[in-house]
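Engineer: Given next are the chains, with one letter for each unit.
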Amino acid sequence: MRSVRWRARPLSLLAPVSTVVLAVPLAAALLVAISRTRPQANAVVCGAGFASVAAVFLTIREVLNEGTASVPTSLLYVDALSGLLLLLVSLIGLASVLYSVDYMGRSGSPHEAAFPRLRAYYAFVMLFLFTMYLAAEANNLGILWIALEGTTLVSALLVGFYRTRRALEASWKYLILCSVGLSFALFGTLVLYLASVRTAGPIASGLDWTTLVAVGPHLDPGLVSLAVAFLLIGYGTKAGLAPLHTWLPDAHSEAPTPVSALLSGALLNCAMYALLRVDAITLRIPGFTLSHWLFLGFGLVSVFVAAFFILVQQDLKRLMAYHSVEHMGIISVGVGFGGVLGLFGALYHTLNHAATKAALFLAGGNLALSAGTKDLEEVSGALAALPATGAVLLVGGLALAGVPPFSIFSSEFVILSAGFGGGNFVGALLLLVGLAIVFGGLLLHLSRLLLGPQRPRPFAPGMRSAFGAAFGIGLLVAVAVGLGLFLPDPLSQLLWAAARVVTA
Amino acid sequence: MLRATFGLAMAGCLLAGLQGVEVLLGAVVPAQAVSIPGAVAATPLLSLGLQEDPLSAFFVLVLAVSGAAISLASIGYVDRYVHSREAALAALFNLFLLSLLLVCVAGTVFLFLVAWEGMTLVSYFLVVHEDHSAEARSAGLTYLVISHGAAAAVLVALLGLSVATGTGQLSAIASGAGGLSPWVRDGVFVAALVGFGTKAGMVPLHVWLPEAHPAAPSNVSALMSGVMIKMGIYGLLRVVWVLLGGGPSWWGYTILLFGAASALVGVLYAIAQHDLKRLLAYHSVENIGIILMGIGASIVLFDLGYPALAALAMAAALLHTWNHALFKSLLFLGAGAAAGATGTRDLEKLGGLVRRMPGIALTFLLGAMAISALPPFNGFVSEWLLFHSLFSAFSTGSPATELVFAGMAAVLALTSGLAAYCFVKAFGIAFLARPRSEAAATAQAPPGTLTAGTGVLAGLCLLLGIAPALAINLASRPLTQMVGTSLGPGTSLSLISSLPAPSTTSAGFAPGIIALLLGLAIAGIWVASRFGVAPKVRVERSWDCGIDAPTARMEYTAGGYSQAVTRIFQEFFRPKEDVERTVAAGTRWDLLTRVRRFSEESVDPLLPSLYRPIRDGFLWSAREVSRLQSGRIHAYLAYMFATLVVLLLVLRFVGSPSP
Amino acid sequence: MTSSLEAIALLAVEYLLVLGLAPILLGIIRRVKARSQRREGPSLLQPYRDLAKLWRKESVYSDTSSWVTRAAPWVSFAALLAAIPLVPWFVLPTPFSGAGDLIVLVGLLALSRFVIALAALDAGSTFGGMGSSREMWMGSLSEPIFLLVIFAFGAPAGSTQAGTIAAHGVAAGWGYVSAPLLLAVVAYVGLLLVETGRLPVDNPSTHLELTMVHEAMVLEYSGRDLALIEWGQGVKLAVLTGLLIALAVPWGISSSLGIAVIALALALLVAKLAGASALIGGLESRIAKWRLFRVADLTTFAAVLALGAIAFHYLIAAGA
Amino acid sequence: MTDLGTLALDLAAAVALVAAWLCLVHTRIAALVSTYAVQSAAIAVAAGLVAYLYQAPDIYVLAGMVVALNVVVLPWYLTTVLRSLGVTRMVNMYASVRTSALAGLGLLLLAAAVVGPVAPYAAVASAGLLPISTAILLIGFFLLISRRKAIVQVIGLLVMNNGIFLAGIALTYGTGFVVELGLAANLLVLAIVARIFLNRMKDTFDTVDADALRSLEG
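Which chain is which? The protein sequence lines are A, B, C and D, in order.
Per our numbering, the first sequence starts with residue 1, numbered consecutively.
Per our numbering, the second sequence starts with residue 1, numbered consecutively.
Per our numbering, the third sequence starts with residue 1, numbered consecutively.
Per our numbering, the fourth sequence starts with residue 1, numbered consecutively.
For reference, chain A alone in the conformation it holds in the complex:
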């Protein structure tokens, strides 16, 4: 933590630290591609994971001090909202990379991959992280779109990494559905640009966030609402909002475990981030409330649809995937409630959900490894058999269900306060009902999975001496639990600043 105390300036003599954030995964991808041995590749990705976190911390420090971080080109822009996404991606990235090493990277690891394939896997993971960092730092909405489409392309390959029939099916659906969705997003972006051009004239920076925010109050509401419709369908698909979420359970359940964690914890939030940027622009238009109703509507539909799927789910990873739909819905509802409190709650929730869900996916991977199946019907009594993994699943599961004192409860509390405070009683009540159903569904599964009688077939030993994986999961659990009652000042500042980026 001492590194945070460094002044950011000396480092920025070479390049702004925000650029370092982008450069690290890109460089790591190259290094991995030319690595010769397994330990080399493992070392590179682990190093990149830690380096990214360090660079992100420095960037955030700069953001907190200066308001924005310095960037080499006007195509990039880093403010508190970006900083939050960077933080998320780097943390989940680190945990997932560390897990990957123990899960499939080291020789003798349970899912050990052949070296050339491992190399490709690592390179793609690094590229995946790069595209997400790029999304966070993009100023131009076009670049943002490119970065998100890039995440689709790279992660589709990662989803299909196992080359099984199911993985192939999942990745194909993921590719097509998200590409179609993103095509709509692109169309929406163009319409937004059209609105910008009509207001600010045909300038090259017309798609820049900074420009759009500046001209925001003068944008034409008709064009913007058309743009919002397409952007919401587009990025909403990627963010997993129902009924556009159909790719999500497939991709999350068939991807390798660390990739599932990345998809759920980081990728969905990148799409939500794009939506927030759009929302921020529309918020500048006086009297423009359409996007709030859309966020609210999609959010509630997502929560309820997910709730039903959760009730009858039979696959561990799909269960978690539907919880991602649910929580993206909650975030969306928070955005829909609006106000700086609603946004604060939504962003706080983003952080909490990312950490919790990633931890759950990784621990779920452990469980699937030991149990030899993801089928919920076939696993029970895991808490006694696998105390550590079981405990993480228990804590994570309860946190996910919105039980205090874990962090998700706190953010849901804030979101509901924003709802009641903003006069959205019906919305807030519906959200509560949805959450109650989800709670029931999740606990139904958890109680059998963890507390039920031990199944006759014994559990296999999981990963051995997996310190990295343990560290990664521990880090996430610490975040998921700790943020419930304790929000460190810098983080709280970051969240408020990010919320004000959207609302101010």
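Possibly wrong hints are sitting among the right ones.
Sample of chain A residues with no beta-carbon within 12 Å of chain D, all distances over it, derived [stated by the list, open to error]:
| id | residue |
| --- | --- |
| 1 | L30 |
| 2 | P39 |
| 3 | G47 |
| 4 | A51 |
| 5 | L64 |
| 6 | R119 |
| 7 | K173 |
| 8 | W247 |
| 9 | A251 |
| 10 | G287 |
| 11 | V340 |
| 12 | S370 |
| 13 | S380 |
| 14 | G421 |
| 15 | R500 |
Derived pair list, reagent style EDC-like, types lysine to aspartate or glutamate, alpha-carbon separation capped at 16 Å [said to hold, decoys possible]:
| id | chain 1 | residue 1 | chain 2 | residue 2 |
| --- | --- | --- | --- | --- |
| 16 | A | K374 | D | E217 |
| 17 | C | K289 | C | E215 |
| 18 | A | K374 | A | D315 |
| 19 | B | K349 | B | D275 |
| 20 | B | K536 | C | E58 |
| 21 | B | K349 | B | E438 |
For the chain C half of the interface with chain B, some residues (derived, Cβ under 7 Å), not all of them [claimed, not checked]:
| id | residue |
| --- | --- |
| 22 | A82 |
| 23 | G98 |
| 24 | A117 |
| 25 | R134 |
| 26 | T160 |
Hints listed in this document are in silico derivations from the structure and should not be mistaken for laboratory results.
Quick reminder that beta carbons are idealized off the backbone N, C-alpha and C, glycines included.
We have chain A; now place chains B, C and D onto it with these hints.
Structural biologist: Below, chains B, C and D without anything else, positioned relative to chain A:
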């Protein structure tokens, strides 16, 4: 190690209790924020503050006294009867106490909710701790899910108040809630009644209670039934009286009616139970109903403009809260001793335990008399107060109120009569006569601390029955806090004292004198029996109509005992009878058939008729909805298409709705 | 207000009176029933002889019974003794009137019933269980009626204290008589039959297994314990009859402590008690025993009457 | 700005729209590919016209890029994919040709109805461009929904992207060079990634019928 843990719990309870007494006697504890940097700074909504006002202190005291006794009993109980994961049980037990305490002293909405859900969660783990069977898990899950729904209602109530008054501090809400619109107040009331009513076990939201309480280890059952459900009462009082400052009459009538329904339904189902702990659990429903009747009556009387009478009703509610905490903890501990020593909770397999565990039997009997509202025990005092507050409606001159209240008094009397019926059965079948099973015949005496724990509680039941002024004095500050007036002077701390007679009626009750009379009468009989030649005493077999040796199978069974009531309330119980007959060879007359086996069970009709359909409905729709994820990418694309088209059409033809 | 010494003296008189008269009330009822059946019947003093005989006889306990069996008659009797001062017998204000009101009286009767019902289960015989179940069942049905009756009697006086109600009646004179009072009295009589186990609810003179209630409970008792229980029955009858008298026809109860007035009040009381017992006996000899479960019908009807009395109270108040 | 120029622009857009409709009625994949090429060419022409009419030289580069990528590279690439997959030439559709054709008309009407009110805001004089590009987008989407073969789905995606290109070029004078280069690169990568999966699909399932992928449900 285990001993130390429970010892620590007991010490903690005693300390908390002392603090509570201090507050109740007039000390003022300043509200304070727990200083966690960041959490408070992030948003005032998420601040964690503690407060201990008189109402909190009263419930802290309720918790502390029962908690200390249960902790004492737990030392031996866990040592003897819990055979797996004792350490986890001990840890959870202490966490449970902590969460209960936090609920009482939470000073902010956020902390209250955290503690509230924490309490549910910890107790859930305690419920599923002992037994890994599907039934126990299902009981736990039912409990957890219903409680969570209730917590959502609590959240609505508190958050609604919080945002309406713009503060998360409970103390600040109270001062800001006066100016709220009736709609908001009514909404908060309904949400609070649903939320807290569920936790308290109010009919028809009680279904979780008889499932969950018996499944837990008995020391935990004692804590759940004795203390945890009181937190529902605490929350209701906190919201309705302290935060909202009372409400319109219909709030009171609503609570009164639900209370009466709880009392009656609770006791009737208790009678039909043959599982000792389930029986006790249903009695919790009954007693919560009695407490709710007091609360409801106080709201009505306050709204009619009689704060002194409202104070009387509220005193009844508070006193009964404490009394129930004492005797229900005692009874569950006693049941735990019986169940632990015999390995069964089935009344039909118990019996004769009075000889195997005389100490437990005696204390259980005292607890049973207390819960049956018999003088000179504490249960009678609080019910007397409640009868009185119901009677006092005569002085309000409102015919409707008085007729309703008279009806309620009849319900209350019926309830306490049936409770006595039920406890004669429970104690008589479980502890008296011949053992009905091998296990009961060979039961070991329970550990000393367990008996000591029940002994302490039994002593308190008697003490508060003889000198209720002790408790009423302690309740006077909470009473003043809620209804603005207490029960007036004349309450002294002497052991023999008279209950204050409200000025409007000239009724009086001096529990001390009644106890003295009882004592003198018994002494008199003893003296009389010393006169003359003491006749001989002989011990013989019971009369069995001349059959050679009476056996346990000839005893009256629990099922047989409760027949009298289940028969006349047949429509209500809808018992499922299972009769197996064999017809004697060569006859076709019913008279010659022989009933081989007869079993009867009464299931709570709310479970199959109200809750199961809801659950099944959810599952059914979930299965239907989940067919949407058909696996066909074309379908998925079509969803997307449809969404887009709908969105565009809405945009075009409806436009953006205004806020 | 009376001094405490006087109060204690009056209390002693009350105890002597009630304990002494209790058996003879049973004797009167039996005699009236016998006469109505054209029998001579036992002497009025026969109950005293029975008690004296039982007091000297040896006690037989079941080998399965415990201390509950031994303690129950004492506690039961003591509860009835404690109830005696709660009833205004012959003087107002009643000595120790602060000790309790009619609700306390209900509680003490319940206590008395509870312990005996428990003891009935102790021996492990089938009859005991049956009697216990029935007795407690009837008791639980009678309690709400008792409360309603108390409310109905208490409403005009604004008190649940028997002494206060009686004083109200004495002061009001003929104005005390009203329709609600009549309804309440009828309801109370129904209650009295149930509480004291008279016909048509229970037949105290039967020992037929299938019909007995109270007798089934105390089947295992003998000797002094049985004496206490039998005597207790008499005391209970005296207390409930005395209460009926005080509430329904309170006139004649002395309001001062002069010797002459007290003596007159005492004489009146004895006469009223004897009359009431004779009435009960007469009533009993005119009805047959009902099926057990029809008791619920009786109590329901009594409840209707009592609630009607309360409603009437308001009708009259509104008319006045 | 001349009327003639606007007319030419409209004509080019109309050709692109007709090409999209044709995609709906073709039953052979090869024809689909060549129609796609024609449509791309029409869009390239539109781009050139915009560049000429508005003196925006960078749009020439864009037009060139469209020609290179959408008219030449992608159709060629698709053809090789088709050949290497060795699938049958038929399209295999859920909706019949007649239904599809009517749907094409309906989608145009829907696009007109929805974006019509805001169409006059288009930067370029022709008010028809926004509805037409929206219609092409929707028709591409419809192709994706109603055609079973995975490769046709890729073509549908490409048609959608053509609609977006048209909108981007004709309505907004382009969005900046870096962005457009990125878009094009993405399209190319998409095609490559799709081919990877198509090959695997062929190897694994022995078909490229996307409808065969239905084991993940619930």
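Engineer: Out of the numbered hints, which ones does the structure contradict?
Structural biologist: 7, 8 and 9
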